[in-house]
Amino acid sequence: MRFLFKTDYEDDIKLFPHSGYYVSYGILLALLLAAPYMLSSYLMSQLVFVCIYATVGVALLILTGFTGQASLGHAAFLAIGAYTAAYLQKYNVPFPVYFLAAGLLTGIIGAMVGFPALRLTGIYLVIATISFALIVEEILARWESVTNGNEGMRIKTLSLLGVPVPRDSPAFYFLCLAVLVLTIVGTLNLLRSPTGRAFVAIRDSETAARSMGVNVALYKVKSFAISAAITGFAGVLFAHKLSFISPEMFTLQLSIEFIIVILIGGTFSLHGAVLGAIFIVMIDPFLTYLKDDMPGIIAGVAATFGAGKERAASIQSSVAAFASLNGLKGAIYGIIIMLFVLFEPLGIYGRWLKIKLFFQLFPLYKRATFKRQKIYVKSERNR
Amino acid sequence: MLDFVQQLVSGVALGCVYGLIALGFVLVYKATEVVNFAQGDLMMLGGFFAFTFIGMMGLNYWLGFAGAVAAMALFGMLAERVVVRPILGYPQFSIIMATIGLGYFLRSIAGMIWGTDDLKIETPFSQGVLRIGSLVLAYDKLSVIAATMILCTLLYLFFNKTTLGTAMRASSENMLAAYYMGIPVKRVVSIVWAISAAVATCAGVLLAPITFIHSNVGLVLGLKAFPAAVLGGFGSIPGAVVGGVLIGVIESMAGFYLPEGWKDVAPYIVLLAVLLLKPEGLFGLHVRKKV
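Those protein sequences? They're chains L and A, same order as listed.
Take the first sequence: its position 10, counted from the start at 1, is 10 in our numbering, and no numbers get skipped.
Take the second sequence: its position 52, counted from the start at 1, is 1052 in our numbering, and no numbers get skipped.
Certain hints may be false.
[Claimed, not checked] Straight-line C-alpha distance at most 16 Å; calculated EDC-like pairs for lysine to aspartate or glutamate: (1) L:LYS156 / L:ASP168; (2) L:LYS374 / A:GLU1173; (3) L:LYS90 / L:GLU10; (4) A:LYS1263 / L:GLU257; (5) L:LYS329 / L:GLU257; (6) A:LYS1120 / A:ASP1140.
If you are wondering where the hints come from, they were derived from the structure by calculation, not from laboratory data.
Put together the whole structure using the sequences plus the hints.
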């Protein structure tokens, strides 16, 4: 176990606490840069989605994880970013300009949502953000002169400074990766600045933060704006990746998926956004695998354990029938959400920390280290 | 004028359905400070249970209705025991997520078991209309209105006059103190979930002739019931029904008098306005935190 000896405040807020981080993140970055030359095109495409989802996850973490303001309306911000890109692209605006414009516009709208949200907490805020998302969805479907209504909009190939970047090229992946890395580094810096400290203070206790002189309203609006703007940037990439957008892509379902990203990854650290995004995006390939290969494998296992040929065949067909059931994905989503909330509330990253601590403290690890306090009194919950 | 009254009545009927679902939210919220995002899906499941009893097993309508309510009450208890009880006392957001997960699960399972077609239940109110002058009122809509009024009154009396109801309010206020006073908090929470699942089933069965039963009906109506519950002030039983009726009327008026598209958005615009101007709702209590 490594003991960090901190001698001044600068040591405490360093991005990389010790040299081991350079090695591990360096290896990770090298692997990510080498990925296009090692993975199949399908997996590359999924990896691009991981980058986009993780960017949204980071945005959501700023708002939900660090400022404590729940939002089930981030699909709307994503949609605004995507539609801004599509609309400006029609008028031959260059990519860097509409990329920034999308972020700016989404940020302004986020701030506008943030103002009314100042008075709301907990469940009311969740419902208000859901309503906002539903209204945006309806506007997208009805404002036909700009959004083309339910017909949807086509997005032309991205062209960066005159060089075309097709949506399944390695260059597009690098662009998404760059946006993700910049977002993460920017967010890390934000979180160690006074603004980030204020966010965390508001999350832990609004009343206490206010008593310490934190301008709660200002920082909540800031948090909403920053989170929305990052989601807007992700929206531009999302639109380019899909090359076609229509209102029914940005439903409540997508907002819930984003929340699942941070819930599964872990809501207390930026690692959570990335891990959760990997999890959510890789469910699809996993289900395909389940559908295609699993029946054969299970039948093979059954055959080796002495089941007859007919029995193995019947097992194979029943597993295949189960795996291709309609709505299996929804059921799996539901079960995963419930299991994580019930048994792993700190998410995948929390589990990783627990495993790490287990080996660091071996054999003195205590489960109670990560136990959360339960609150049974109503007035304590109304913060 | 006649159009207006006709729209008003159908709005009230629709609103009563929202009110019934909102009642389920409010019951659970009143007793445990938990918001059940799967309420609409419990309603959907109740409708499917009733369809199984009435449509597939050929039971009498009332018998099937009672069977579905009883089965769903048990199911509500089960859901509470498995999903909610382990996380009671954790931040509200975890419980919201858990119930969203439950909703996903129920929707897919219902789709797997009963298929994705629209199902229909034959009810005594399916046919026939009541004519008052030139006003035409369908029995199925009237039955929804009547049932909502009865259920709302019963539940209101239950919460405010009976010992169990008082115990429920007490455990909402402070679970630990309630427990020290000898209230079996766990059982109380369990009963509340049973009641709210039963109310949801009533909504589902009464709604069956109007919207039919399919696996996504709960999601759509559940989302409309939120504005109803918020408008009435989360935590007030008459408020839920009044809020539901207001939302229903607004929706059907917007559908009739405003251009296309407003119908779906109007409830949410009203909701946002209410949240901005009077976040505690029409009948809600104002809560302050002691520092």
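> Is LYS374 (chain L) within 16 Å of GLU1173 (chain A), Cα to Cα?
Replying inline: Holds. LYS374 (chain L) to GLU1173 (chain A) sits at ~15 Å (cutoff 16 Å).
> Is the Cα-Cα distance between LYS329 (chain L) and GLU257 (chain L) 16 Å or less?
Replying inline: The given pair, whose Cα atoms are some 12 Å apart, holds under the 16 Å limit.
> Given the hinted pair LYS1120 (chain A) and ASP1140 (chain A), is their alpha-carbon gap at most 16 Å?
Replying inline: Given that 16 Å is the threshold and the Cα spacing comes to 13 Å, the pair holds.
> LYS90 (chain L) and GLU10 (chain L): Cα distance at most 16 Å?
Replying inline: 48 Å, violated
> Holds or violated: LYS1263 (chain A) with GLU257 (chain L), Cα cutoff 16 Å?
Replying inline: 27 Å, violated
>> Hinted pair, alpha-carbon criterion (16 Å max): LYS156 (chain L), ASP168 (chain L). Please report holds or violated.
In response: Cα-Cα ~13 Å, so holds.
Checked against the numbered hints above, the structure violates hints 3, 4; every other hint is satisfied.
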